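Protein chains in written order, with this note's numbering: chain A, 39 to 738; chain B, 239 to 826.
Please keep in mind that the hints were generated in silico from the structure rather than gathered at the bench. The structure displayed is predicted, hence computed values, not measured ones. There's no promise every hint is true.
Listed below are the simulated DSS-like cross-link pairs for lysine-lysine, each with C-alpha atoms no more than 27 Å apart in a straight line [to be verified]: (1) B:K312 - A:K448; (2) A:K558 - B:K286; (3) B:K426 - B:K388; (4) B:K327 - B:K312; (5) B:K312 - A:K474; (6) B:K328 - B:K312; (7) B:K286 - A:K375; (8) A:K558 - B:K327; (9) B:K426 - A:K136.
Just a sample of chain B residues kept apart from chain A, beta carbon distances all over 12 Å, derived [to be verified]: (10) A275; (11) S278; (12) F490; (13) R527; (14) E532; (15) Y545; (16) I701; (17) A705; (18) A728.
Even glycine gets a Cβ: it sits at the ideal position worked out from N, Cα and C.
This is what each chain is made of:
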Amino acid sequence: MRQLALLILRNVVLYFLLVNSFLQLREQLDPLFQSAAFLVAVLAAVAMEKSQLRTLPALALAAALPVILRVLFFLVFRTQRAIVSAPATDFIFFYFDKDFFPALVACAVAWLFNFLALRMKPFLFIEAGLNGLLLVLVFWTQAGYKLTLYPHPSYFAWALAFFIVAEFFVLLLAGLSTQRVDARAVASFSWVLVPLLLVFMLFLLNKYGESSVMAGGGLMKPTMFRFDFAPYVRLESEIRTSDQAVLLFRTEGQAHRYLLRRFVLSGYQANQGFFMQKGTGIDEYPSIVPDSAEVFSDPGYRERQSVSQEYYFLTLDPSSLISLNYPLRVAPLQNWKASSFLRVYRVDSRVMRSPAGPRRVTAQPPMRGEDTQLYTRTGDDEQIHELALQVTKDETGYYSKVASIEKYLKSNYLYSLKPGIAEDGNQLRHFLFVSKKGYCSYFAFAMALMCRSLGIPARVAVGFYVDPQSEVLNFYEVRAFQAHAWVEVYFGSLGWVEFDPTSDTLAPGEEFAPFPGPDKDRMAQLIAEIVKNQTDKEEQGQKVPTVAASASRLGREIARIAFLVARLWYLVLPGLYVLLLLCTKLLRLVPGLLSRDARRRARAEYTLCLVRCAGVGKSRRAAESPLEHAARLARESNIALTPVVDFYLKAAFGESFEKEDLDAARPAIEEFASSFRKNVAWPLRILGLVNPLGAFPRRA
Amino acid sequence: MKGVLTLCAALLIPAVLHAQAAQGETLENLTSRAQDAITSNAYESAVKILTEAKTRFPSSPRASLALGDLYYDKELYTLALGEYREAEKKGATDIATLTQISRCFGKLNLEQSSIEYLTRILQQYPDSTDTMDDLGWMYFKTHQLEKGEKILLKGIAKVGLQKGLTMTLGTIYSGMNRYDKSREYYQKSVDDALRVNDRNFASIAYYNLSLLEHSFFHFNSALRYTDESIAMEDRPSGHLARGELLQSRMDFGSAQQEYQDAYSKDTTPLSKVNLAILFQKFGRLDLSRRYAEEVLGSKDHAWLVYYGTDLTRHLKDLHELLGIVYAGLAVREVSRPTTGIIDRLSALTASVRNRILSWFHDQRFRAYSLQVGTQYLDQGSYEDAWWEYYKGNESYPEVALKYLGMARELETARSPHAAAYYTLEEGKLEHSAARLEQSLAAFDPFWEKEPAAEALAALIPLIKGGAAQGHRHDLIVQLYRINPGALPPAGIGLPLSVSFQGAGWKGREKARVLRFLRRAGSECVEGRVEGFPYSLRLLSAGGTLVRWTVLDASGNVVKEGNPALPGGPRQRSAALVRIILEELYSVH
């Protein structure tokens, strides 16, 4: 009965994996065919095992079976077609093969696993690990948070939970049905399986992250009616633009071409492009608008002017902080009832208006080693480095080198929304050396990497450019197509200086109008609304903490800690695992070891010795008495456990066992410890502490 | 009883009105505010206001209609459809609302539902010529050609030769393979468009005429109409049509230029599909795969509504292309020069992977073909149906030949030249060299180089060495002259007599070079041998530089190079052969 339950449960798990893998090809495959094939494979395995076929003939028969079945089916189909020739009988060959060949893989797995599990009991435990591996393989395609297998992510979580629970029961049943392995060993094995699955899932999550970066692309990540910038930039073969108004920007003084910065992307990986690397880099500040006025630390950059700006968001995500480089204070302003704007706030920045300061810089400004490493990281593309050297060969100064790269890109390359696809998949090289056309991100990538290849610290910035022509009463309209990427180069005490290498010349054949001019009527309407409602520009004060707000803050804190933990997963997870194991192994002995009751303490001391022995694979066998165990250890490994067992037996069964008895036992414990150290190699002793064996020692 | 009800109504109505007034604005105000918000791009405010309007005035369809319009403009067709249908339930059954509903269905590729609405509109508004035109088009898209013809002829009888109706009718006749009728109505639509100086419309009509002429193998006329179309207006589809004609001539550079011109203006993925096909034909398989997979990955299919194809056919074409591309990549991997056992194993693994992917895409293509064939059959388009059934069963020659024969019978009856194409397909299915030679002889040597190259690629592996060696060499030379890029994916290589010159060659290295060349499909002999159409001279003085030259039978240099080859002897041989192969078969 138990064997049958185990067979069914194991195959439920396998069928679960099969269903999930076929869900990915649901348009291609017939579930009925696949299920029938799976059943045939399982029955074939059971039948072959029952008939006690030897392994090799069984393997040969299993390999021949599909061929025989296909031949038989095709004979039937041919006969059928000879009687009636119609589309239905004509196409049956194709429809059969369409399902037959994919089913072979699943059938092979189902047959092999069942045959081996029935023939070799220990395979049951290996199967659990292999199933975990198959699970990861099946869900590998679900990267990028696409989750095409299930209509909702919660189903995915339920499926995973089902798998883990089912696998646990399989192991439990396997342990019960295998005479040599008991439930404690199964539980120990689960300790191996669970971290293994966790590690698999981490790889999976990592892959999810990478693929979502790939799937995101472009500069912006739009939702239904809102926009925000993606914290990474990839080079796409084609982008589309929208002329939807995103925000109004207001600042006093003469109209300029402003660069409103949303993110700086300092990290770079050849396969990932530029991305935001949080927690590193110079002059970092929050990327979300605070709930009340907030002052950022002032890096004290020289030769900058104070510029106050106001932002009125129409379709940009209200939490997005946009500002001129470098913001010192951000203050959200009171929005009014029935406002057209999602968010209103003011920023005070220190802005570099003239290039005179950077022009005077001729030598590379000093930078901390780790920062230099971050801001000069390139994909080690030799061709890009050579191009950078060639472009700057006549320049000697720091600024002049950067400016010559900017000028080179601006005047030798064309602006295009459709840069095309690179034959070898390297879009940047395709831009630099083949097509010579691209949109702003291509120019920014190229310039940043060219600078970096010369050792000049550079990073990509993303945000909006503001055209001076769109100015109406100090207001500037910003539309979606003004999303832009540019480069910031480090100039020491002058801070990060902006360079915009994007060409103004449109590629031939393309009809993109870079700036059609502001919609003055729409702007007039919005400005009138601002003037009417925003009489005193009152700053939004600190909100009185409510239960909901406190909970939300707490949630954010937890999320922040979780994020930190997640980033250091390779340290945190093994650490937690070891901690958990040590707790499981040792914690429950602590009360006994601290107890004043001598008997209890003696038992705990003996159990501790058992835990140490079990950790190095010298645990007590099922039918062994403590003394037999001790004698075996002495015989096989020279470990002196017998004196400890003597006092343990006295403590357990003696009429009296006092503190003096316990003190008298101390040398026995020390003798054990000394023989253990002497006869067990130190790596094995360390491993003994962190492996799960002995977590559930046989009770004394 | 009636009196009580009247009294209740008299008491309730003012109460409801009062409640509405108490809540503030009228429906008029709310919709006007929402409109202002839309004008200011404050869409979220607009949605909020209109949702509020829907709650406050649940019986009025106005807010739903405004929301529907907002969603439709933002290309959120599922949401728009929901709002329009809600408005319809609330009594908005005017022509504008119903037309919007049918358009949403069309954009969501739900043609049958779109037809149901268009039919309803026509029942309510029998004189709406726009609806007739839309319905005719939808009938064309769903292969219901007779129904489309009927409705369009009815429309023409009512309003005369209006350009929209005549062009759709021309397309319907083209679908019916009625060349004269199709040509006549396309010409009429051109005339009407030119009469009102609608150059955009005339450009589309000329483009359709060009497609018609192309499908009947009138290549010169097709090119003329394509030029007319582009002269009227520089539209992407004109460039695509011209590119296809140039591709048929195997003029890679010009065809690529046309497709690139189309791509720079195109808002649909069609130019990318054409580029992918072109790159596949000329052996640039990686690029072809990238283009095709990018199109396959795109989930926005709203553009299909205005094109004479549907999602199934679009996906069918993409899977067919990817199946061919992966098969070619598998051959390329298995025949590439490798630097050791690990590299060889990796090449074989990549080849197996590409074979599996090719099989997968091939299966998808065939499943879609059968699906499309059944659609055609249901609508009575037998010629197309048999052709699709043939493609769906290509792996089972017995079945495939049956449907190919049926399609051949119908198509050659109206267009005898099509016989050459059918003979080509039969030759490929039966592995018959005679049939392939027969088709080869029938193709126009100027306009039909593309099918000729296909026939040659299928024929060459069937001609084995021995007595036929000379003939095989001639065929390879012929294919190489038409399209060098077609050789590697077919596992064919140029026959080469290889001579090693200079002191830098060791026996093992020579043998390795010859082995790599043979692996790439080349028939190779060492030394100068008579009867070999090409010779490869390799000159090495012992350094890292190797000068290589490929000469034809007359001694003219075909390709040459002088690369520096770093690494050990095995790496050097592999790198040298790789460079030679790349140069020899590359098309730019």
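These are the hints, each one checked on the structure:
Straight-line distance between C-alpha atoms of K312 (chain B) and K448 (chain A) comes to about 34 Å, which puts the hinted pair past the 27 Å bound. For the suggested pair K558 (chain A) and K286 (chain B), the alpha carbons sit about 25 Å apart, so the restraint of at most 27 Å is met. Taken as a hint, the K426 (chain B) and K388 (chain B) pair is honoured in the structure, with Cα atoms around 18 Å apart against an allowance of 27 Å. For the hint linking K327 (chain B) to K312 (chain B), the alpha-carbon distance of about 23 Å falls within 27 Å, and the restraint holds.
A distance of roughly 33 Å separates the Cα atoms of K312 (chain B) and K474 (chain A); the hinted pair therefore is violated under the 27 Å criterion. Taken as a hint, the K328 (chain B) and K312 (chain B) pair is honoured in the structure, with Cα atoms around 23 Å apart against an allowance of 27 Å. Between K286 (chain B) and K375 (chain A) the CA atoms are separated by roughly 13 Å; this keeps the pair inside 27 Å, and the hint holds. Taking the CA atoms of K558 (chain A) and K327 (chain B), the gap is about 39 Å. The hint is violated against a cut of 27 Å.
Simply put, K426 (chain B) and K136 (chain A) have alpha-carbon atoms about 48 Å apart, too far for the 27 Å limit, and the pair is violated. Its beta-carbon lying about 6 Å from the closest one in chain A, A275 (chain B) breaks the requirement of being farther than 12 Å from that chain. Separation of S278 (chain B) from chain A is inadequate, the least Cβ-Cβ distance of about 5 Å not exceeding the 12 Å criterion. Interface exclusion of F490 (chain B) from chain A stands, the closest Cβ pair being 14 Å apart, more than 12 Å.
The Cβ of R527 (chain B) does not lie farther than 12 Å from every Cβ of chain A; its closest approach is about 10 Å, which violates its non-interface assignment. Interface exclusion of E532 (chain B) from chain A breaks down, the closest Cβ pair being 6 Å apart, not more than 12 Å. Separation of Y545 (chain B) from chain A is adequate, the least Cβ-Cβ distance of about 19 Å exceeding the 12 Å criterion. I701 (chain B), annotated as away from the interface, keeps every beta carbon of chain A farther than 12 Å; the closest lies near 30 Å.
Listed as outside the interface, A705 (chain B) is consistent with that label: its C-beta sits roughly 37 Å from the nearest C-beta of chain A, beyond the 12 Å cut-off. With a least CB separation of 20 Å from chain A, A728 (chain B) remains clear of the 12 Å interface cut-off, as annotated.
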